[in-house]
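J.: Here are the chains, one letter per residue:
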Amino acid sequence: QKEVEQDPGPLSVPEGAIVSLNCTYSNSAFQYFMWYRQYSRKGPELLMYTYSSGNKEDGRFTAQVDKSSKYISLFIRDSQPSDSATYLCAMSAEETSYDKVIFGPGTSLSVIP
Amino acid sequence: GAGVSQSPRYKVAKRGQDVALRCDPISGHVSLFWYQQALGQGPEFLTYFQNEAQLDKSGLPSDRFFAERPEGSVSTLKIQRTQQEDSAVYLCASSLGGVEETQYFGPGTRLLVL
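From first to last, the protein sequence lines are chains A and B. For what it's worth, my numbering labels the leading residue of the first sequence as -11, then goes sequentially. For what it's worth, my numbering labels the leading residue of the second sequence as 345, then goes sequentially.
If you're looking for bench data, these hints aren't it; they were derived computationally from the structure. Backbone N, C-alpha and C fix where the C-beta goes; we use that ideal spot for every residue, glycine too. Treat the hints loosely; a few may be bogus.
[To be verified] Below, a sample of chain B positions facing chain A; criterion: calculated Cβ distance under 10 Å:
| hint | residue |
| --- | --- |
| 1 | E388 |
| 2 | Y392 |
| 3 | G403 |
| 4 | F409 |
| 5 | Q428 |
| 6 | A437 |
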């Protein structure tokens, strides 16, 4: 079993839809949770950063963390064609003095105009 | 300011050839990371530098992989005697340093070993 699991998709939605992306993980030491967006042939870029459990909202994006279930989610409201990309969940623990990040395999999202 | 840059963007190598991949981090960033991203997968950690010190190389898949950052800025990832399974995108990221610091990724070098 991999440390971080994520449905690879592809996920295809119409423009304006609400998108839900999810990850599960096995390591209870993870404290920092991130969502990255990766466009084709580009490096990942950080979208959301959350510490421990709870919700965080930034514009059309909402990140949720449920540590008791080892489950994290990213919601995208009013999805746009420009949101079409691969979404990577990522997480790290406080065990190291630096941010050693473990990534999920990514979910490919297409938003159809 | 400029982001993280990597060169070359694409590299085709014959099996057994040595390759060197370069990363120019954001100026002033203490931490530098190398990741390997196979097709359809997330990035996998290879190694970490704090300034010129390589503090973690636990992700390097074999002793054919070697990374250096001699002056604490530019870093080079070298792969000796390349194999087909080395074909992947190699990503470099840099950050100011420490936990909770955002990692900024470069565009990656796409390596294809024939």
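J.: The structure should be examined with respect to each hint, and the outcome stated for every one.
T.: Status of the hints after comparison with the structure:
For E388(B), the suggested interface contact is upheld, since its CB lies about 7 Å from the closest CB of chain A, less than 10 Å. Checking Y392(B) against chain A: minimum C-beta separation of about 6 Å stays under 10 Å; hint holds. Interface restraint check for G403(B): the shortest CB-CB distance to chain A comes to about 9 Å, inside 10 Å, so the restraint holds. Restraint check, F409(B) versus chain A: the minimum CB separation of about 17 Å is more than 10 Å; hint violated.
Among the interface hints, the one on Q428(B) is violated; its C-beta lies about 21 Å from the nearest C-beta in chain A, farther than the 10 Å criterion. For the restraint placing A437(B) at the interface with chain A, the shortest Cβ-Cβ distance is roughly 7 Å, inside the 10 Å limit, so the hint holds.
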